[in-house]
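**Student:** Can you build the whole structure from these sequences, using the hints too?
Just so we're aligned: 250 in my numbering is position 250 of the sequence shown, and the numbers increase by one with no gaps anywhere.
Derived from the structure by calculation, the hints contain no laboratory data. Warning: the hint list may mix true and false statements.
Cβ-Cβ distance ranges computed for the label pairs, FRET-style [unchecked claim]:
| no. | residue 1 | residue 2 | range |
| --- | --- | --- | --- |
| 1 | T304 | R231 | 52 to 58 Å |
| 2 | I187 | N209 | 33 to 39 Å |
| 3 | N215 | T304 | 20 to 26 Å |
| 4 | Y296 | S172 | 34 to 40 Å |
All values reported here derive from a predicted model rather than from experimental measurement. Beta carbons are placed, not taken as given, at the ideal position from N, Cα and C, and that holds for glycine.
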Amino acid sequence: RARTAMRWSSVAAVGSCLPLAWSCSYVEIPFPSKAGSNGTAFMIGRTMELGDLFGKMSYVIETVPTHVSGGKYGYVAPMGVCGYPHLNTKVAAEGMNEVGLTISALALEQSAYEAPLAGSTEIAPEDVVGNILAQCDSVDSALDYLVSVRVVAKGLLDKMEMHLHWAIHDTSGRSVVVEYLEGRRVIYENTPRVLTNDPDLTWHWRNLNTYSNLNPTFPHQNDFLQVEAGRGVGSVPRAVGHGWNLFGMPGDSSPPSRFARLFYLRGYALNTQKMTDNSDAVVLGTALLNNVFIPYGVVPPNPTKGPGVDRPEYTPHGILKVPAEKKKLIRAYRNSQWRLIDLNRVDFSKAQPWPLEDGSLGIEDITANGRAMEADSAGFGQAVVEGEAARRTLDPHATEGSGLQEDVM
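**Tutor:** Pasting the structure below:
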């Protein structure tokens, strides 16, 4: 089986660091693609949310070759690194391997893992991502792997276990979620294609019914009640301004609220504007991840974790990935410019890192790129725009070209 070289080196330190991820978000967006099964591929958006534990957390993107993972496949993953003294901590909560299988680990405090069983192969929760990426090439093979092992919290880890659940997606477009509840493995075919954190997934599915009053159209349902009011008020009741169709949608950063927002906002957007290629999916995926982005300081730390352990939660990085095309976009907290890693061109024979933060804000200075204005027949200035790039900038619904351009390789 795959080696577990990415694990925590100190059991006691696991208890003090607590789970790897607190409140991540995950959403899938279908779009037309020749690379996808039956002409459809999925853009998967995922955010990583974590407090800066001990003020020592950092992140690096790495290629993990087979001679390091001990498995069949190399993979690319953003690694969470805890630089706390006496720790050798590097854990992958997310990744895609060279055949396009991808897995995302998200926090689930409700998790209760399997009990140890004599003669069985046991793995810790923090090893699931790396082992599946190294060993498996499809959702089916990933599920078979989990049948062959037991995901357990061993000994002293009973009170310190990494509470996680996992979203797994392959190039066919199949999407499943794996949870461990009351000591048993539970598999869901993730037809809503959204995931956040607690409670368990079926609770979130039922909770979507809570917001069935939301409407994708402008609210006119009470027009039959209208009367003409005086003093310049006009007809009442009526919707004044836009956005009232979403009144009642929760706006906080809790897992139920993020789940509901991702589900309804994605659905309404796709109902209004059909995706035509991966560029459209990048635009929508970016918008959805922006909606659940957490600025540093707005979600306070939990004081019960101990002084200095938990810090304000924020979004260190976001990811857009297309398993069918084996491409992955990643952006950081400070430098929010998307950067592309094309796994079709990665050399999986060697380990290689990319920094998540590069020290810049990713801002492009376009001052020198301005163009002279030309007077049109009406006497107004008309910008001289050139080429397809300019057309796409001005028209958010332009469909040609690709949104996966900037490559960090």
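**Student:** Do T304 and R231 keep their Cβ atoms within the hinted range of 52 to 58 Å?
**Tutor:** At 54 Å between Cβs, range holds.
**Student:** Cβ-Cβ distance between I187 and N209: within 33 to 39 Å?
**Tutor:** Cβ of I187 to Cβ of N209: about 23 Å, so the range 33 to 39 Å is violated.
**Student:** Per the hint of 34 to 40 Å, is the separation of the Cβ atoms of Y296 and S172 within bounds?
**Tutor:** For Y296 and S172 the Cβ distance comes to about 38 Å; the hint holds.
**Student:** Quick one: are N215 and T304 within 20 to 26 Å, going by C-beta?
**Tutor:** violated, 41 Å
The structure fails to meet hints 2 and 3 from the earlier list, while all remaining hints are met.
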